[in-house]
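If you want the building blocks of each chain, they are given just below.
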Amino acid sequence: MFKNNIRLLDTIPNDTIILEKNSRLILVGLLEQGWSGQRHLVIDAQAKDAHCECIFFILGSHDSSFSAKIEAIHRAPFTSIKARFRAALTDSASCDIEGIWKVEKKAIGADTYFSHHTLLLSDKASAKTAPYLEIKTDEVKAGHAASVGKVDEDSLFYLLSRGLSEYEARTLLVEGFFEAELSAIEDDDIKNTIRNSVVSFLSHAKNEK
Amino acid sequence: MTKKTILQIKNLRAAIGDTKILNGVSLQIKSGETHIIMGQNGSGKSTLLSVLMGHPRYDVLGGSVTLNKKNLLKMSVPERAQAGIFLGFQHPQAVSGVTFGNFLRLAHNSIATAHDPKSVPVGPAPFANLMRAEMEKLKMDSTFISRFINEGFSGGEKKKSEILQMALLSPKIAFLDEIDSGLDIDALKIVVTELVSIQKKQGMGLVIVSHNPKILDFIEPDKIHIMSKGKIVTQGGKEIVAKIEQGGYSALLKD
Amino acid sequence: MPVPKKTKNLLAQTGQTSAFSFRTKTKSFFAADKGLNEDIIREISAQKSEPRWMLEFRLRAYEIFLKKKMPAWGPDLSGIDFANLHYYIRPQDRVKRDWKDLPVEIKDTFDKLGIPEAERKFLAGTGAQFESEMVYHSFAENLAKQGVIFESTDDALKHHPDIFKKYFGTIVPPADNKFAALNSAVWSGGSFIYIPKGVQVDLPLQAYFRINSENMGQFERTLIIADEGSSVHYVEGCTAPTYSSESLHSAVVEVIVKKGARVQYTTIQNWSNNVYNLVTKRAAAYENAQMYWLDCNLGSKVTMKYPSILLCQKGAKGEIQSLAFAGHEQHQDAGGKVIHLSANTSSTIISKSISKKGGHSTYRGLVKVVPDANNVTTRVVCDALMLDKDSRSDTYPVMDIKEQDVAIAHEATVSKIGEEELFYLMSRGLSEEQAATLIVNGFANPIVKQLPMEYAVELNRLLTLEMTGSVG
Chain A
1 MFKNNIRLLD TIPNDTIILE KNSRLILVGL LEQGWSGQRH LVIDAQAKDA
51 HCECIFFILG SHDSSFSAKI EAIHRAPFTS IKARFRAALT DSASCDIEGI
101 WKVEKKAIGA DTYFSHHTLL LSDKASAKTA PYLEIKTDEV KAGHAASVGK
151 VDEDSLFYLL SRGLSEYEAR TLLVEGFFEA ELSAIEDDDI KNTIRNSVVS
201 FLSHAKNEK
Chain B
1001 MTKKTILQIK NLRAAIGDTK ILNGVSLQIK SGETHIIMGQ NGSGKSTLLS
1051 VLMGHPRYDV LGGSVTLNKK NLLKMSVPER AQAGIFLGFQ HPQAVSGVTF
1101 GNFLRLAHNS IATAHDPKSV PVGPAPFANL MRAEMEKLKM DSTFISRFIN
1151 EGFSGGEKKK SEILQMALLS PKIAFLDEID SGLDIDALKI VVTELVSIQK
1201 KQGMGLVIVS HNPKILDFIE PDKIHIMSKG KIVTQGGKEI VAKIEQGGYS
1251 ALLKD
Chain C
2001 MPVPKKTKNL LAQTGQTSAF SFRTKTKSFF AADKGLNEDI IREISAQKSE
2051 PRWMLEFRLR AYEIFLKKKM PAWGPDLSGI DFANLHYYIR PQDRVKRDWK
2101 DLPVEIKDTF DKLGIPEAER KFLAGTGAQF ESEMVYHSFA ENLAKQGVIF
2151 ESTDDALKHH PDIFKKYFGT IVPPADNKFA ALNSAVWSGG SFIYIPKGVQ
2201 VDLPLQAYFR INSENMGQFE RTLIIADEGS SVHYVEGCTA PTYSSESLHS
2251 AVVEVIVKKG ARVQYTTIQN WSNNVYNLVT KRAAAYENAQ MYWLDCNLGS
2301 KVTMKYPSIL LCQKGAKGEI QSLAFAGHEQ HQDAGGKVIH LSANTSSTII
2351 SKSISKKGGH STYRGLVKVV PDANNVTTRV VCDALMLDKD SRSDTYPVMD
2401 IKEQDVAIAH EATVSKIGEE ELFYLMSRGL SEEQAATLIV NGFANPIVKQ
2451 LPMEYAVELN RLLTLEMTGS VG
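Residue numbers (the working numbering), protein chains in the order written: chain A, 1 to 209; chain B, 1001 to 1255; chain C, 2001 to 2472.
Be aware that one or more of the hints could be misleading.
To be verified - Calculated lysine-lysine pairs in the DSS-like style (CA-CA distance at most 25 Å, straight line):
hint, chain 1, residue 1, chain 2, residue 2
1, A, K136, C, K2357
2, C, K2317, C, K2178
3, C, K2389, A, K141
4, A, K48, C, K2368
5, B, K1020, C, K2197
6, A, K136, C, K2259
7, A, K105, C, K2368
8, A, K82, C, K2314
9, A, K105, C, K2449
10, A, K128, C, K2317
11, C, K2314, A, K128
12, A, K105, A, K191
13, C, K2178, A, K21
14, C, K2301, A, K105
15, A, K150, C, K2034
16, C, K2317, A, K136
17, A, K150, C, K2068
18, C, K2357, B, K1020
19, C, K2389, A, K136
20, B, K1231, B, K1201
21, A, K150, C, K2314
22, C, K2368, A, K106
23, C, K2259, A, K124
24, A, K69, C, K2165
25, C, K2067, A, K82
26, B, K1020, C, K2389
27, C, K2416, A, K106
28, C, K2416, A, K141
29, C, K2357, A, K105
30, C, K2389, A, K48
31, A, K128, C, K2368
Said to hold, decoys possible - Output of the computed footprint for chain A on chain C, the stretches with three or more beta carbons under 8 Å from beta carbons of chain A:
hint, segment
32, 2381-2395
33, 2408-2416
To be clear, the hints were calculated from the coordinates, so they are not data collected in a lab. The beta carbon of each residue, even a glycine, is placed where N, CA and C say it ideally should be.
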């Protein structure tokens, strides 16, 4: 991961980002406020050796809605666009993420990845995920993963069996859920900002109960 | 010195869904005692441990379990840990994103507070020192403190991590499920030596579950129980194991 | 009179025997045979001596068909010329095709696959009944004794009107989509199966057994009802290339799996390259029922097929396994949909697709969990193998989850044959082609091994055949 070209976003913008030749861009998003409608972000790798890595953390509470369409287009050889979403939703928050990953015929050597993992922490939270792939060349590394669910029962039991209270155990697991992605970010300030946000998100979730 | 009864299990029955697995288990453990529960796969040994720890997948259909005269079955899972039960799992769960050291410190403090609300929580640095001292005895690398719980640990490392937790949480009674599987001879010797030392120091009751008679080469039990079809069918001393070694479990079950 | 070249080509496609028999038909007769209108639908119903309610059902469906729009997504369907298709061929008009008019590629494939002579004629539509009729008869007697009904849908409407009317059109109503509406208007042929309570049918029921060339049809309508505690496995299609003169196939399959019952529906489709194969298949699974779709798509010009399962009551389980092979100028647009309407349900979708020589394979899937459907587990795996630079692979999965007490996981990969794997096999003396073939068969294996053995063997042979000449 590259420390230099890193940008911390607090929302997903309606925008088109054009990646230049031999460029490296890192986008980190800490999304705590939802928005209305669907945002459309296009990341266009038009030139050779353009790389972009995005990590988005969604902390949804109340009735916040996070709806976005991320379009990643690989048009030149040896480009990579990867995006990872981690969302924890409580109250009646919802997230709806469409990821449209395209690899054109001349984009040989493309390395692409999209993942969206959501933890639903309350009855009324909901998630929709649609990770799409359109691949027109065989010289490609492409994959995606998605999951939706509540906190893992077996992990919860393990922590409870060591004497942690239900609240402590769930907190550890939700923090751990985000921590798994945080380790890839080199900037400590950004990491801590996100960790602090997760902690206040969780204490809000506790107080609401 | 008369030994106190710590754990009393009477006629415990349990099921998973519609399948009955425990059909009336009765057992009594005194402080400082070492018991071994043996039996074939499917006899209900691991289920017994899960039920004692309060795993939500199982339904208790009848019977009673008391720990130091308190009703264990009424307690939540963390309450049971705080009351002094420890379960060393056969296949310890990996919990990605949660650091081993951090989790163990929180568990330790949680249990300490339950015993004495005025106790002062141990901070990360002092606790890491405690961990390192114990890890030294188990020949476990201290880098494990900052790794995610059980993630990428080898079979042997997972078992050592369970023992490490047991050492630092000071339970009144520890149940170890198949502790010998995944450990080579040297590692097993180290683990058992540490186990016995902890037991002596804390007067801890110890129950080891195994299907392998070879466990006796390492542990000197006060009593051996044989489980079959969800019940304890025979109890006794080492002579029982000799019978199993000669004629397999069927030799015993015929009696 | 010499036949113009254009007409000759047209003849080859439609399988008519000779220019002369074609030309002796009167012009108006010919015109009435193509395109669709109310009169043709009335004629279909009259020919089959159907009860009034079915005629009304067909006419209502036709209205819906006219109003419905073509799907706004998916493969290019602009090649379908609705006005220029046959929707019903009167039995007396069924012209026997001549072996020599069959496309060369099909004859070649029969040779290479070692298909027996009689089977070839049948598959080409040039033969009469297949000998398997004999095999079928004793099996059929056994089934009849147990109260199992296995008939053509047309016959079932006559012989079992009550049970037919109770379930027909309940899982796939005509308004579902344009092609379901079309099928509802002009359906003909297909299988009707009813398994009584507690009856387990051990051997697979095969469409092959009661088929005749009429039912190798364009607008088949299949209805399967498995009553409580019963189980059945239905198999349709075959691996050998199946020539069809009709270019639009639009079937509808409805399956009802009652409490504690189990149904497996296996399809292997290898239609010729002129066919648009647009199918609506849906099952409803009730308490503790199990529904299993095993779908293999090898042929056709365009296939659009998304077997679906509605998990209506607790304990219901659904599984969809889909294998698609898209070759030159083919588009396989397949996948599966599972809708969890009740708590304590689980589902699995496994899709494997292979594209080569410019073939285009698409996975389209949906997993939906409604509020309060708790304790739901779903796993979706879709893997795509692309064998060359000209091929194309798309994946469009959607997960719509409105309940928190669930565990939903999805993963997908797209890749070409791994260099390391190829190298390893070649270092043991295999040619590149042999190595690639082994790897492709291995890729498809998790699904292929679920097929009844004869099909699995043939499918492996077919994949091997497809791989010949595909390397280098």
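(request) Starting from A/K150, check that the Cα of C/K2314 is at most 25 Å away, please. (result) holds, 20 Å
(request) Assess, step by step, whether the Cα of A/K128 is no farther than 25 Å from the Cα of C/K2368, and give holds or violated. (result) holds, 9 Å
(request) Quick one: see if chain A covers the segment 2408-2416 of chain C, three-plus residues with Cβ-Cβ under 8 Å. (result) holds (count 9)
(request) Please work out if A/K69 and C/K2165 have their alpha carbons no farther apart than 25 Å. (result) This hinted pair is violated, its Cα atoms lying about 45 Å apart.
(message) For C/K2317 and A/K136, compute the direct alpha-carbon distance and say whether it is at most 25 Å.
(response) violated, 35 Å
(message) Next pair to validate is C/K2178 with A/K21; report whether the Cα-Cα distance is within 25 Å.
(response) Violated: C/K2178 and A/K21 sit about 47 Å apart, past 25 Å.
(message) Can you confirm whether the C-alpha distance between C/K2317 and C/K2178 stays at or below 25 Å?
(response) Given that 25 Å is the threshold and the Cα spacing comes to 29 Å, the pair is violated.
(request) With a cut-off of 25 Å on the C-alpha distance, tell me whether A/K128 and C/K2317 pass. (result) Judged against 25 Å, a Cα distance of about 22 Å means the pair holds.
(request) Could you grab the alpha-carbon distance between A/K150 and C/K2068 and see if it respects the 25 Å cut-off? (result) violated, 40 Å
(message) Would the hint linking C/K2314 and A/K128 be met if the CA-CA limit is 25 Å?
(response) It holds: about 23 Å lies between the C-alpha atoms, which stays within 25 Å.
(message) Given the hinted pair A/K48 and C/K2368, is their Cα-Cα distance within 25 Å?
(response) violated, 39 Å
(request) Compare the distance between the alpha carbons of C/K2416 and A/K141 with 25 Å, and conclude whether the hinted pair is satisfied. (result) This hinted pair holds, its Cα atoms lying about 9 Å apart.
In this structure, the hints that do not hold are numbers 2, 4, 5, 6, 7, 8, 9, 12, 13, 15, 16, 17, 18, 20, 22, 23, 24, 25 and 26, in rising order.
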